[in-house]
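Work out the full structure, taking the sequences as your base and the hints as a guide.
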Amino acid sequence: MECKQSSWLLRGESIQYTEKSMCLLVLNGRMDGQMIITNYRLIFESRNCDDIDESKPIFDIAVGLVLKIQKIGKQSGLGRARDIYGIMICTKDNNCIKLSCSDVVNRRKNLVDALNIVCFPVDRAKKMFAFCNNNEGRREDAVDGWTIYEPQKEFRRLEIPSSSWDLTTINANYQLTSTYPRILVIPTAAIQCGKEFMKRVANFRSKERLAVLSWIDSTTEAVIVRSSQPLTGMTMKKSTDDELYMKMIVDANTNGHRVVIYDARPSVNAQVNRAKGGGYEIEYDRCALKFLNIQNIHVVRDSLKKLQDSLFPRVNNKNYVRQVDESRWLHHIQSILEGVWCIVNTVHNEKCSTLVHCSDGWDRTSQLTSLSMLCLDPYYRTIEGFAVLIEKEWCSFGHKFSQRCSQGIDGSTDNERSPIFIQFLDCVFQIMSQFPVFFEFNESLLIEIAHHLYSTRFGTFLFNSEKERMIDNSCGTETASLWTEIMERKKEWINPLYVKGFVLFLNSSHRVLQVWISYYGRHNDEIINTLSNKMSRYGLNRALGAKALLQQIVTKYEQSSSRV
Amino acid sequence: QRMLLRLVLLSVFFAVVAARYIDSMNYGELRNFLDDQIMQVFIPRRMVRQERLQLLQIMELVDAIEIPRVNGVFLRKGPREAQTGTICILSHHLIFSPDPPSPGVKVVNEEASKELWLLHRMVDKVVAEPIAKDDPSRGGILALKLKNFLMLIFEVRSLNECFALSRSIERLSNLSGFQYEYPFYYRVPFTVLDDGWTAFDLEAEFAKLTVRAPDQFRISYVNENFGICPTYPEKVIVPRGIGDDYLRISATFRDGFRFPVLSYYHASTKSCIMRCGQPLIGPANRRCKEDETILNSLLAPHSRGIIIDTRNKNVGSAAKSKGGGVESQQCYSQWRYVFCGTPRIREMHDGLTKIVELSNDDRISSNHFLHRLYSTQWIHSITDILCASANVAQCIACEGTSEVPVLVHGGEGTDTTLAVCSLAQIILDADARTIRGFEALIEREWIAGGHCFSSRNAHSAYGEGVVTGPKESPVFLAFLNCVFELIQQFPLSFEFTEGFLLFLFEHSYASEFGSFLGNCERDKKEWRVKECTVSLWSYVNNPEILVQFVNSLYEPNEKVIWPSVAPQSIHLWSRLLHRWQMNWDEKDAVTKAAADAKLKEKALQSRVHSLKRQIADLAREASLITATNDGLKLTE
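Protein chains in written order, with our numbering: chain A, 23 to 586; chain B, 23 to 658.
No wet-lab data here; the hints were simulated from the structure. Keep in mind that a hint or two might mislead.
Pairs of lysine-lysine, DSS-like flavour, derived with a Cα cap of 27 Å [what the hints assert, rightly or not]: (1) B:K622 / A:K522; (2) A:K327 / A:K422; (3) A:K513 / B:K609; (4) A:K522 / B:K335; (5) B:K376 / A:K513; (6) A:K522 / B:K624; (7) B:K622 / A:K512; (8) B:K335 / A:K512; (9) B:K609 / A:K512; (10) A:K422 / A:K312; (11) A:K513 / B:K622; (12) A:K512 / B:K614; (13) A:K522 / B:K620; (14) A:K513 / B:K614; (15) A:K217 / A:K175; (16) B:K624 / A:K512; (17) B:K335 / A:K513; (18) A:K340 / B:K622; (19) A:K340 / B:K624; (20) A:K522 / B:K609.
Calculated from the model, a selection of chain A residues having no Cβ within reach of chain B, i.e. all distances over 10 Å [said to hold, decoys possible]: (21) F66; (22) S124; (23) D166; (24) P183; (25) H279; (26) K327; (27) F524.
For each residue, glycine too, the CB sits at the ideal point set by N, CA and C.
Written out as structure tokens, the structure reads:
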């Protein structure tokens, strides 16, 4: 038994608690078995090994995915049937498990306590699993995920014309703005104005997130610049420094004579933000302001909740469509994709530079910039490029992963929790279904990334900014990177039909949008069984199998010919 | 004498035509026009008897053309970018020929400079209106709404010409009477290698059946000359032990004289699908012992059969007062009765009209789009039909240990009954998922099965009110849509592609081939369709044509394909409904890439084989060399 268990234990994983007599309640009955709690996952093993092939665990949930743990039955009165006395575990990826346990005194309490400790370690000032599972033991030649994105290398790849834009180390100690990366790209003209000027510019933006370059089209010099909202406030404050800085951005593009500013928020929300000291650019010289009407994190959270409810635990045949419709999830996806289309159009067709921001510039802004770059630059549609894109636009420019995904904390009632990153992956999925041949990776990669967004096994998505991640918590040495794992299992993500494309002009019409059921419904067996994505996997296996066979034959052939 | 008659008639015809058009055309055009007409007269050479009649018909067709040619028409919206050109109206076609590009302008798009040919039959609805209500001098707009949901919008300079065009097209597209149908005038530009009219002969099918089920069925010629049932073919397959006299009596008890006949025999479970019309039980509770005997003859001792009614319970029982009804439990005690409600033909028609209207609406906001989409009920119709078919398939493949015959009927048994029977076969039988098998299925179940194509497909989604009768309904399209859902769920198990379904959809509404002409076999015989027209299958089975419909990823799959009818698995058939609104290049690129990958795989495989052979050769050589070396050593 010990030997068998250790086969699935990851490096640094250890069993914390075992409850021998548990009973899993499934849709059509119950199953006896034991529950094993490790510092990384919860596992339920059926006692009757004939039930399942190869005695695989019935369920296997990474602790990071647990959203809430609830007691059901008897005292709390939540259980429907009288004989249920146990716990309910809800996860962030739309799964819900009910277990009943023996009602001997304190058995359940002990179990729940053990669960709370492993699932919400940060609440109890303990370390997350990522810090136990470090890089050691990897193959020597493995790609180190932490070095997959290096700003210098990436900006060199973009061929930034040094006359107009340049790398600056002004934020090397995260003094200028703590949520930005160390290396920024700003107009050369601004660098020449000195540090004080930059500070004044940054001070006019919320959280000092000033406008910096994200992407540049080296042939047209049109750029995507990101920032947070300007702090105009109720009094319509103006900053000559910020206006001068914007002018520098306009001038940096010799082809365009103006900058289009995309404010991701609905204009009403932008107005409301003025009351809180925020606002939007008014009367900037040679700048056009457009609102993209994308809703905020709270709306998105509630919307996804409704969508998920329609897919789990079972699909309501009669009301499914109404529920999907009322969740308005596809509507939110559409508004993002429309925004992306606008940006791509401005940058590529009009050859104009764009500035993208929302309120703080780390939720909707990241979505818009990264999706636009995905459409504009074929590099980001490779597996490596996609990793670079996420590292760059999400991890280094700051996204509040720990609050949005409530990592290591009990966030079931947290107002800051929101599936912004999942929404981004959903948009990638929508673009991928429109342009299936232009992506080197397949849907499985998106699902894998979505899984590890919550799993806390890797350091990639922990904490809120580069500073917190790399300096304060030194994830770079203490934890493993998701990309190491991804690159190691590269074969699984290959799209056999991949060709390198050009700029993608996506269709944001509601006619083409679809519900990403293979992710949101991944714990609903009825849905998973009916999915046809087996086809791509099947095709891939065949292709790889044929390739391997060929390789084998060729080596044999070479051997025998050399023998001769 | 016949030649003489022909000459006389021709000269009369020339005179009439010439008088009519001499002033509106110059001489060259007139000659072309007449050549065209003469050609059309002489194409059906085999129709010597009807030649005279046809000549008159041509003249009638020509009569309907008020204006044969309009210059300087602007195509504002259509399957290609906007351009100016000329509209010509021939007796069966509308031709839009774009003006040649002005000299010096480079032709960018080769496709766009080609002529656009359109069968009048394809036009579903014509709308003509002035561009500006108060200013008739600005000309008119001519909108042609086609049966394949495409919309063509022309701007015509003169309002009068616009109305004349509209009236001509309206009349030509709604002519009733077989004699006018284009297939009778169509001459094949290819050699027919494999005649579609004889390719799917019932006796050949029956020979295959007898191998699998000897002594169970026989071919009955009871319906010779359509004496019993007008909508059945002359030859039908019935249970072996049943005499023709029983069939005759049973026919009087079934709606439309459609007595039970075999639709499909599933060899592995020895179960069969039979179909028929509803029993005419009526308010008087009639019964028919002979009909009961026919059905019971299918049952093995102790087995029970299943009757699947494609109506829902209310409709089924309500039919009783109108003379129809459902088989009573007392008389058919060995049969279980199941209602699988499928939509009625009117509901399907309304559903299609609404969903096409919705998909044409470009300005619609995404606000509650899904809800509106589903409230059109079209997708419900598809789900219901698919569900009923899956039920039938389940009865055949899974119920019980002994064979379970299934009898399917609705009201008349010519609409959803056929859809359900044929879909069940596609689910059960791998043969029906090949191109040839699918063609055979359509020929057998739909065309010979008596689906009234001419009535049901007289109009599609746009026709309304005055022009449509109560009989129009997209039943066949709903069937194709169901097949699309199956392809969607089992993309590797079908030899044909979605494109084939769209091709069939278009040809079932307007075609140069005779396959979908008429309401039943009797009509076909009466109008000598099989002698005078070309079968669609003759065209499709040409290898050069066929290749475009082949699914390159096809892997024969002998298993039963169980479809999912859950709402998240049923997709909107975008290619059908958004075919003209969206750019499909991307999707086509994927298909092409997949086909290329498949080809590459084949090439790799053959390379593997050749390498294997080389290895074997080399190994033999090597062993020879070692042997000789050893020999040399020995001698040393």
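We went through each hint and held it up to the structure:
Annotation: proposed proximity of B:K622 to A:K522 holds, straight-line Cα distance about 18 Å (limit 27 Å). Among the hinted pairs, A:K327 with A:K422 is consistent with the structure: their alpha-carbon atoms are about 20 Å apart, no more than 27 Å. In summary, the hint linking A:K513 to B:K609 is supported, as the alpha carbons are separated by about 24 Å, within the 27 Å threshold. For the suggested pair A:K522 and B:K335, the alpha carbons sit about 57 Å apart, so the restraint of at most 27 Å is broken.
Restraint check: the Cα-Cα separation between B:K376 and A:K513 comes to about 46 Å, which exceeds 27 Å; the hinted pair is violated. Distance check on the hinted pair: A:K522 and B:K624 sit about 23 Å apart at the alpha-carbon level, within 27 Å; holds. A hinted pair counts as satisfied when its Cα atoms are at most 27 Å apart, and B:K622 with A:K512 qualifies at roughly 22 Å. Pair hint B:K335 plus A:K512 does not hold up; C-alpha atoms about 56 Å apart against a cutoff of 27 Å.
Taking the CA atoms of B:K609 and A:K512, the gap is about 25 Å. The hint holds against a cut of 27 Å. Restraint check: the Cα-Cα separation between A:K422 and A:K312 comes to about 26 Å, which is no more than 27 Å; the hinted pair holds. A C-alpha spacing of about 19 Å is found between A:K513 and B:K622, which places the hinted pair at or below 27 Å, so the restraint holds. The suggested pairing of A:K512 with B:K614 holds, with an alpha-carbon distance near 25 Å, which does not exceed 27 Å.
A threshold of 27 Å between alpha carbons decides the hint, and for A:K522 with B:K620 the separation of about 19 Å falls inside it, so the pair holds. For the proposed pair A:K513 and B:K614, the alpha carbon gap of about 23 Å is at most 27 Å, so the pair holds. With a C-alpha separation of about 25 Å, the suggested pairing of A:K217 with A:K175 holds against the 27 Å cut-off. A threshold of 27 Å between alpha carbons decides the hint, and for B:K624 with A:K512 the separation of about 25 Å falls inside it, so the pair holds.
Of the supplied pair hints, the one linking B:K335 and A:K513 is violated, its CA atoms being roughly 54 Å apart against a limit of 27 Å. As the CA atoms of A:K340 and B:K622 are separated by approximately 45 Å, the hinted pair breaks the 27 Å bound. Taken as a hint, the A:K340 and B:K624 pair is broken in the structure, with Cα atoms around 46 Å apart against an allowance of 27 Å. With a CA separation close to 16 Å, the supplied pair A:K522 and B:K609 stays within the 27 Å bound.
A cut-off of 10 Å between C-beta atoms confirms that A:F66 is not in contact with chain B; the least separation is 27 Å. Consistency note on A:S124: stated as away from chain B, and its beta-carbon is indeed over 10 Å from all of that chain's, at 37 Å minimum. The claim that A:D166 lies off the interface holds: its Cβ sits roughly 33 Å from the closest Cβ of chain B, which is beyond the 10 Å cut-off. No Cβ of chain B comes within 10 Å of the Cβ of A:P183; the nearest lies about 33 Å off, and the non-interface call holds.
With a least CB separation of 30 Å from chain B, A:H279 remains clear of the 10 Å interface cut-off, as annotated. At roughly 18 Å, the least C-beta separation between A:K327 and chain B is larger than 10 Å, which holds for a residue marked as non-interface. Distance to chain B confirms A:F524 as a non-interface residue, since its nearest Cβ pair spans about 12 Å, more than 10 Å.
Checked against the numbered hints listed earlier, the structure breaks hints 4, 5, 8, 17, 18, 19; every other hint is satisfied.
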